[in-house]
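Fit chain B to the given chain L structure using the hints.
First to last, the sequence lines map onto chains L and B.
Mapping to the numbering used here: the first sequence position 220 is 220, numbers consecutive.
Mapping to the numbering used here: the second sequence position 226 is 226, numbers consecutive.
Derived from the structure by calculation, the hints contain no laboratory data.
Among the hints, erroneous ones may be present.
Here are the simulated BS3-like cross-link-like pairs (lysine-lysine), alpha carbons at most 25 angstroms apart as the crow flies [to be verified]:
hint, chain 1, residue 1, chain 2, residue 2
1, L, 19, L, 204
2, L, 10, B, 274
3, B, 100, B, 75
4, B, 226, B, 275
5, B, 288, B, 251
6, B, 181, B, 111
7, L, 10, B, 111
8, B, 251, B, 275
9, L, 204, B, 75
10, L, 204, L, 219
11, B, 134, L, 204
12, B, 251, B, 208
13, B, 226, B, 288
14, B, 71, B, 100
15, B, 152, B, 171
16, B, 152, L, 219
17, L, 10, B, 134
18, L, 202, B, 280
19, L, 202, B, 100
20, L, 219, B, 275
21, L, 202, B, 134
22, L, 204, B, 251
23, B, 171, B, 208
24, B, 134, B, 71
25, B, 100, L, 10
26, B, 128, B, 171
27, L, 219, B, 280
28, L, 19, B, 280
29, B, 152, L, 10
30, B, 134, L, 19
31, B, 251, L, 19
32, L, 10, L, 219
33, B, 226, B, 171
34, B, 181, B, 208
35, L, 219, B, 128
Note that the coordinates shown come from a computational prediction; the quantities given were computed from them, not determined experimentally.
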Amino acid sequence: MRTILFLIQKEFLQIFRNKGMIPIIFAVPIVQLVIIVHAATFELKNVNLYVVDNDRTTTSRSIIHQFEGSHFFSLSGFSFNYSDGEESLRRNSSDAVLCIPRGFEKKLVEGQSTGFQMVVNAINGSAGGLINGYTVSMVNEFNRGLSSGRANFTLTKPKFIDLTYSFWYNPELNYTTFMVPGILVILVTVISLLLSGMNIVKEKEIGTIEQINVSPIRKYQFITGKLVPTLIIALFELSFGLVIGKIFFNIPLEGNLLLLFLSAFIYILVILGMGLMVSTFANTQQQAMFVSFFFMIVFLLMSGLFTSVENMPQWAQTLNQINPVAHFIRIIRMILLKGSGFQDIQNNLAYLLGLAFLSLSLAIRRYRKTV
Amino acid sequence: MQDQAVIIRQVSKSYGNTRALRDISFQVGKGELFGLIGPDGAGKTSLFRILTTLLLPDQGSVTIEGYDVVKQYRKIRNLAGYMPGRFSLYQDLSVEENLKFFATIFGTTIKENYHLIRDIYVQIEPFKDRLAGKLSGGMKQKLALCCCLVHKPAILVLDEPTTGVDAISRKEFWEMLGRLKAEGITILVSTPYMDEASLCDRIALIEKGSIMAIDRPENISGSFSKPIWAVRSREMYPLLIDLRQYPGVEKVYLFGQYIHLTLGNEGQEPGRMKKFLEDKGHEEVEIKVITPGIEDSFIELMSQQKRHE
Chain L
1 MRTILFLIQK EFLQIFRNKG MIPIIFAVPI VQLVIIVHAA TFELKNVNLY
51 VVDNDRTTTS RSIIHQFEGS HFFSLSGFSF NYSDGEESLR RNSSDAVLCI
101 PRGFEKKLVE GQSTGFQMVV NAINGSAGGL INGYTVSMVN EFNRGLSSGR
151 ANFTLTKPKF IDLTYSFWYN PELNYTTFMV PGILVILVTV ISLLLSGMNI
201 VKEKEIGTIE QINVSPIRKY QFITGKLVPT LIIALFELSF GLVIGKIFFN
251 IPLEGNLLLL FLSAFIYILV ILGMGLMVST FANTQQQAMF VSFFFMIVFL
301 LMSGLFTSVE NMPQWAQTLN QINPVAHFIR IIRMILLKGS GFQDIQNNLA
351 YLLGLAFLSL SLAIRRYRKT V
Chain B
1 MQDQAVIIRQ VSKSYGNTRA LRDISFQVGK GELFGLIGPD GAGKTSLFRI
51 LTTLLLPDQG SVTIEGYDVV KQYRKIRNLA GYMPGRFSLY QDLSVEENLK
101 FFATIFGTTI KENYHLIRDI YVQIEPFKDR LAGKLSGGMK QKLALCCCLV
151 HKPAILVLDE PTTGVDAISR KEFWEMLGRL KAEGITILVS TPYMDEASLC
201 DRIALIEKGS IMAIDRPENI SGSFSKPIWA VRSREMYPLL IDLRQYPGVE
251 KVYLFGQYIH LTLGNEGQEP GRMKKFLEDK GHEEVEIKVI TPGIEDSFIE
301 LMSQQKRHE
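With the rest of the complex left out, here is chain L (with noise of 0.2 angstroms):
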């Protein structure tokens, strides 16, 4: 006990002194949840609209006004010729062209069926698939309103199914409450995961190694006392960073702490694993950076952190079933949003308690003292 507690002594003094360790540790969540959270938003705000309109009557400009009226849409251009819109969204000035064909009013005016065309860059899948939503539904309004304008005619009231929506757990649908918890979840396994497998190999680049596996020590002391600094380092991660989204973002706190930082726990257990797995089979911190990153990056987009994982095709979310990262950020968002209790998180739970025992035994029994 006491060589373990000296060892861990050892990790803090080398991890404190440091000198790029302390603003890594602080500035890391600082950057992490200011920047990405107010950056990386899927919200659609100001698409660059251009307009061309060969129509020139009141019923175009007052399909016009509506796009402009809209905090969707800004006015990026307007011209009389098709190919100068063409040539706005090649030089990605405009994200949609809007193009009212001639003899539009006059058509409606006479009862036929007319259209009017929005070319948008779809690059963005998702952004291209929002502005068409919006267009659909400006439409439909607009629809609505000559029908309407028509019922004086007919003497007929039209009916419309209408909708009224409530939305839960997130009732202003607010995109930082969605994505600070998923942000928390990032911190974590990024501190967790290189901090631990950096950190053995580093022993084994400068030879250190050797003297230790010379030592009587035996191995669940060494991996102790390794394992145990990024714990307590990684859940300090955590609770910093919930008291900057408390603080920054106001984000919701609805369910049991404790709870939360038991699954934290336990979840920094499966990452400590893997970090120790990486670092058994890497010789240099370089390896073991590259073998870390691949995973990470492959566990966190699938994770259903930036896309829903809903929206996978089958195959994807059946391979989730075993990502832990995934189980995580349900786990984090649901007692952070939805305050959730243990009930409803115990399948997760129970899933990454058994992953931490399997990656930490296989990652120990493939730690050899002898090469």
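The following block gives chain B in isolation, referenced to the frame of chain L:
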């Protein structure tokens, strides 16, 4: 066999197709200062890694103080001190913290065995708060030795401890080894420097994974069959070329400031050689017959081995 600290029996080790150690057997007595002498890549480090339980031999067995290195490795880790070729200290820990760390992982404290390291430690004590990364090479060496000694090992295995250390520090280091030997610690040391061999009780010459000779240093140099002639003049390279043509010459090689050569039965008079060289236009010719050193024996043994192959 109680007086043997290390018994090595027919140890072999291969890395793929490379045979690092071939059928090595020897014994080291308790309290002996034993030197393993050989060029880089001869297999010294592999043998030491087997002794310190870091490497498993393919064949053969090794016992240290009666314990088997494979089956009772845990015992050996308590009683052996190992200083690898690139002994590493934690650069970001201070002198004292490093020492304390190594004491702790061996389950002891600095105080407990302070008498053993005192002589060495007092030299670095003024810098005990300095980070190990900022020490000079000789200081690092001393600290490394302290770290190996702090758990009072019965046997000390030092892999090329003086490689890359300046001449004065090397001399000091060997003096320290002498004092440790007086404490009754068995010491195995490897070195590529032949001049250090004469400071050992016994030496083994190792080359390409085989032991060529094991004996006391003076016996190894004494076993050299022929007298050595040392020759020098103002221009060494033409001298080397010309000496190769001297009648009866067997081996000619550069050795420091001299050229060493052995002769057959012919041409055994210094006067005749001097005249031969002066006729070739050499100036300031100096010729003497010397007793062969370890390095001469080593070169002799190596060329014998080549002839066998």
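Right, here's what the structure says about each hint:
Restraint check for residue 19 of chain L and residue 204 of chain L: satisfied, since their Cα atoms lie roughly 21 angstroms apart, inside the 25 angstroms limit. Taking the CA atoms of residue 10 of chain L and residue 274 of chain B, the gap is about 68 angstroms. The hint is violated against a cut of 25 angstroms. A hinted pair counts as satisfied when its Cα atoms are at most 25 angstroms apart, and residue 100 of chain B with residue 75 of chain B qualifies at roughly 22 angstroms. Of the supplied pair hints, the one linking residue 226 of chain B and residue 275 of chain B holds, its CA atoms being roughly 23 angstroms apart against a limit of 25 angstroms.
A distance of roughly 16 angstroms separates the Cα atoms of residue 288 of chain B and residue 251 of chain B; the hinted pair therefore holds under the 25 angstroms criterion. A threshold of 25 angstroms between alpha carbons decides the hint, and for residue 181 of chain B with residue 111 of chain B the separation of about 21 angstroms falls inside it, so the pair holds. Restraint check: the Cα-Cα separation between residue 10 of chain L and residue 111 of chain B comes to about 19 angstroms, which is no more than 25 angstroms; the hinted pair holds. At most 25 angstroms may separate the alpha-carbon atoms for a hinted pair to count; residue 251 of chain B and residue 275 of chain B meet this at roughly 20 angstroms.
For the hint linking residue 204 of chain L to residue 75 of chain B, the alpha-carbon distance of about 24 angstroms falls within 25 angstroms, and the restraint holds. Taking the CA atoms of residue 204 of chain L and residue 219 of chain L, the gap is about 15 angstroms. The hint holds against a cut of 25 angstroms. Straight-line distance between C-alpha atoms of residue 134 of chain B and residue 204 of chain L comes to about 21 angstroms, which keeps the hinted pair within the 25 angstroms bound. Between residue 251 of chain B and residue 208 of chain B the CA atoms are separated by roughly 22 angstroms; this keeps the pair inside 25 angstroms, and the hint holds.
For the given pair, residue 226 of chain B sits about 14 angstroms from residue 288 of chain B by alpha-carbon distance, which is consistent with the 25 angstroms threshold. With a C-alpha separation of about 29 angstroms, the suggested pairing of residue 71 of chain B with residue 100 of chain B is violated against the 25 angstroms cut-off. Under the criterion of a C-alpha separation no larger than 25 angstroms, the hint pairing residue 152 of chain B with residue 171 of chain B is consistent with the structure, at around 23 angstroms. Using a Cα cut-off of 25 angstroms, the hinted pair residue 152 of chain B and residue 219 of chain L holds, with the two alpha carbons roughly 22 angstroms apart.
Of the supplied pair hints, the one linking residue 10 of chain L and residue 134 of chain B holds, its CA atoms being roughly 19 angstroms apart against a limit of 25 angstroms. Straight-line distance between C-alpha atoms of residue 202 of chain L and residue 280 of chain B comes to about 61 angstroms, which puts the hinted pair past the 25 angstroms bound. Among the hinted pairs, residue 202 of chain L with residue 100 of chain B is consistent with the structure: their alpha-carbon atoms are about 20 angstroms apart, no more than 25 angstroms. Distance restraint check for residue 219 of chain L and residue 275 of chain B: the Cα-Cα separation of roughly 72 angstroms exceeds the 25 angstroms cut-off, and the hinted pair is therefore not satisfied.
Distance check on the hinted pair: residue 202 of chain L and residue 134 of chain B sit about 19 angstroms apart at the alpha-carbon level, within 25 angstroms; holds. Pair hint residue 204 of chain L plus residue 251 of chain B does not hold up; C-alpha atoms about 45 angstroms apart against a cutoff of 25 angstroms. For a cut-off of 25 angstroms, the pair hint linking residue 171 of chain B to residue 208 of chain B is broken: about 28 angstroms separates their Cα positions. Between residue 134 of chain B and residue 71 of chain B the alpha-carbon distance is near 40 angstroms, which puts this suggested pair outside the 25 angstroms criterion.
Among the hinted pairs, residue 100 of chain B with residue 10 of chain L is consistent with the structure: their alpha-carbon atoms are about 10 angstroms apart, no more than 25 angstroms. Proposed proximity of residue 128 of chain B and residue 171 of chain B is supported: the alpha carbons are some 23 angstroms apart, at most 25 angstroms. Pair hint residue 219 of chain L plus residue 280 of chain B does not hold up; C-alpha atoms about 71 angstroms apart against a cutoff of 25 angstroms. Only pairs whose Cα atoms come within 25 angstroms are accepted, and residue 19 of chain L paired with residue 280 of chain B is rejected, the gap being roughly 68 angstroms.
Restraint check for residue 152 of chain B and residue 10 of chain L: the C-alpha separation of about 23 angstroms stays at or below 25 angstroms, so the hint holds. A C-alpha spacing of about 16 angstroms is found between residue 134 of chain B and residue 19 of chain L, which places the hinted pair at or below 25 angstroms, so the restraint holds. Distance hint between residue 251 of chain B and residue 19 of chain L is unfulfilled; the C-alpha atoms sit about 59 angstroms from each other, more than 25 angstroms. Proximity of residue 10 of chain L to residue 219 of chain L is assessed by CA-CA distance (about 17 angstroms); at most 25 angstroms being required, the pair is judged to hold.
In summary, the hint linking residue 226 of chain B to residue 171 of chain B is not supported, as the alpha carbons are separated by about 30 angstroms, beyond the 25 angstroms threshold. Annotation: proposed proximity of residue 181 of chain B to residue 208 of chain B is violated, straight-line Cα distance about 29 angstroms (limit 25 angstroms). The hinted pair formed by residue 219 of chain L and residue 128 of chain B fails the criterion: a straight-line CA distance of about 30 angstroms is larger than 25 angstroms.
Hint violations for this structure: numbers 2, 14, 18, 20, 22, 23, 24, 27, 28, 31, 33, 34, 35, all remaining hints satisfied.
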